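*Asks:* Sequence:
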Amino acid sequence: MNIQPPDYDTAEQELRKKNKDEVKDLLEAQDPGLLKKIRTFVNRFGYDKETVSKKIEDDPMFACCFAKDPGKMKIHEQTAAEYLENMFPDLIRSFSTLPSGGKNAKYIDPTKKIITEKKPAGTKSLDFTWVAGDTDIICFAAHKFTRESGGHQDNQFNELVRLLQAFKGCKNKKIALFAICDGSYYNAQKLSTLHRYVQKEPPYSFACPINEVFKNVAKLIKSQGK
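All residue numbers for the sequence shown refer to the working numbering, where the first residue is 268 and numbers rise by one.
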């Protein structure tokens, strides 16, 4: 079955439009975040605050410059979470999005355990967790959405590599790890590199785009004879 991935572009465009439309309301409410952007604009270009505010009110195109950036609002993570939770509820149960920091964030520590204690140095927190079907296997996942190649994008790729490496040698066969990689950056070559680091025996790890998560969860369930 050919499962389509979520439409990240549409989700991003819809949020971008929403953010654009709310700029004037935020100005009227004297939103601290918007006022900070206006101060930055004033300091960079030498206009006074009143002139910039009046231009935002009168010029919708100019107001777009002050809209919130969807890329900084976790829109890709939220879209991925909705997709995973709703597409195949018989395969993915008890789905939840994990906090990115704080005492309840989850990491793989140097002893190959999933922990919620102090963040190990150089370790990315995990994004999602769920139970595989009617098994007792708990899945954890890190999600990346990356478009173009470049320094920051390469850092995101390397985070997934380190995560898969950290999981190697884990002894707990009741957990599994997913490195979910979406976006045009993750071409066949990048995916092939990630596949070198997956664990093909329990506890399993996987590196795949989001629309292949379900078939890999099905493999987990089948491995348990369920």
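Hint data in this document are derived by calculation from the structure and do not stem from the laboratory. The model shown is predicted, which means the values in this text are computed figures rather than measured ones. Yeah, the Cβ is synthetic: ideal placement off N, Cα and C, and Gly gets one too. Some clues are possibly wrong.
Stated by the list, open to error - Dumping the calculated PhoX-like pairs for lysine-lysine here, alpha-carbon to alpha-carbon at most 25 Å:
{"#": "1", "residue 1": "Lys486", "residue 2": "Lys440"}
{"#": "2", "residue 1": "Lys386", "residue 2": "Lys321"}
{"#": "3", "residue 1": "Lys341", "residue 2": "Lys316"}
{"#": "4", "residue 1": "Lys321", "residue 2": "Lys373"}
{"#": "5", "residue 1": "Lys385", "residue 2": "Lys373"}
{"#": "6", "residue 1": "Lys435", "residue 2": "Lys482"}
{"#": "7", "residue 1": "Lys438", "residue 2": "Lys385"}
{"#": "8", "residue 1": "Lys386", "residue 2": "Lys440"}
{"#": "9", "residue 1": "Lys391", "residue 2": "Lys467"}
{"#": "10", "residue 1": "Lys284", "residue 2": "Lys373"}
{"#": "11", "residue 1": "Lys291", "residue 2": "Lys316"}
{"#": "12", "residue 1": "Lys373", "residue 2": "Lys316"}
{"#": "13", "residue 1": "Lys440", "residue 2": "Lys341"}
{"#": "14", "residue 1": "Lys391", "residue 2": "Lys316"}
{"#": "15", "residue 1": "Lys303", "residue 2": "Lys287"}
{"#": "16", "residue 1": "Lys321", "residue 2": "Lys341"}
{"#": "17", "residue 1": "Lys341", "residue 2": "Lys322"}
As the list claims (entries may be wrong) - For each label pair, taking beta carbons as the anchor points, the in silico distance ranges come out as:
{"#": "18", "residue 1": "Glu324", "residue 2": "Ser367", "range": "20 to 26 Å"}
{"#": "19", "residue 1": "Glu295", "residue 2": "Thr378", "range": "21 to 27 Å"}
{"#": "20", "residue 1": "Lys316", "residue 2": "Gln420", "range": "34 to 40 Å"}
{"#": "21", "residue 1": "Thr390", "residue 2": "Arg360", "range": "25 to 31 Å"}
{"#": "22", "residue 1": "Glu317", "residue 2": "Arg360", "range": "53 to 59 Å"}
*Asks:* None of the hints should be skipped; say for each whether it holds.
*Replies:* Here's how the hints hold up against the structure:
1. Our distance criterion of 25 Å between C-alpha atoms is met by Lys486 and Lys440, whose separation comes to about 14 Å.
2. At roughly 46 Å between alpha-carbon atoms, Lys386 and Lys321 are farther apart than 25 Å, so this suggested pair is violated.
3. At most 25 Å may separate the alpha-carbon atoms for a hinted pair to count; Lys341 and Lys316 exceed this at roughly 30 Å.
4. Between Lys321 and Lys373 the alpha-carbon distance is near 46 Å, which puts this suggested pair outside the 25 Å criterion.
5. Of the pairs offered as hints, the one joining Lys385 and Lys373 holds, with about 9 Å between alpha carbons and a cut-off of 25 Å not exceeded.
6. A hinted pair counts as satisfied when its Cα atoms are at most 25 Å apart, and Lys435 with Lys482 qualifies at roughly 21 Å.
7. Under the criterion of a C-alpha separation no larger than 25 Å, the hint pairing Lys438 with Lys385 is consistent with the structure, at around 21 Å.
8. Our distance criterion of 25 Å between C-alpha atoms is met by Lys386 and Lys440, whose separation comes to about 23 Å.
9. Of the pairs offered as hints, the one joining Lys391 and Lys467 holds, with about 22 Å between alpha carbons and a cut-off of 25 Å not exceeded.
10. For the given pair, Lys284 sits about 33 Å from Lys373 by alpha-carbon distance, which is inconsistent with the 25 Å threshold.
11. A threshold of 25 Å between alpha carbons decides the hint, and for Lys291 with Lys316 the separation of about 15 Å falls inside it, so the pair holds.
12. At roughly 43 Å between alpha-carbon atoms, Lys373 and Lys316 are farther apart than 25 Å, so this suggested pair is violated.
13. Of the supplied pair hints, the one linking Lys440 and Lys341 is violated, its CA atoms being roughly 31 Å apart against a limit of 25 Å.
14. Straight-line distance between C-alpha atoms of Lys391 and Lys316 comes to about 40 Å, which puts the hinted pair past the 25 Å bound.
15. Only pairs whose Cα atoms come within 25 Å are accepted, and Lys303 paired with Lys287 is accepted, the gap being roughly 17 Å.
16. Proposed proximity of Lys321 and Lys341 is contradicted: the alpha carbons are some 30 Å apart, above 25 Å.
17. Taking the CA atoms of Lys341 and Lys322, the gap is about 29 Å. The hint is violated against a cut of 25 Å.
18. For Glu324 and Ser367, the hinted distance range of 20 to 26 Å is not satisfied, since their beta carbons lie about 35 Å from each other.
19. For the hinted restraint 21 to 27 Å between Glu295 and Thr378, the CB-CB distance of approximately 53 Å leaves it violated.
20. Range check, Lys316 to Gln420: about 36 Å between beta-carbon atoms, so the 34 to 40 Å window is met.
21. For Thr390 and Arg360, the hinted distance range of 25 to 31 Å is satisfied, since their beta carbons lie about 27 Å from each other.
22. Against the hinted window of 53 to 59 Å, the Cβ-Cβ separation of Glu317 and Arg360 comes to about 55 Å, which satisfies the hint.
Hint compliance for this structure: hints 2, 3, 4, 10, 12, 13, 14, 16, 17, 18, 19 are broken, all remaining hints hold.
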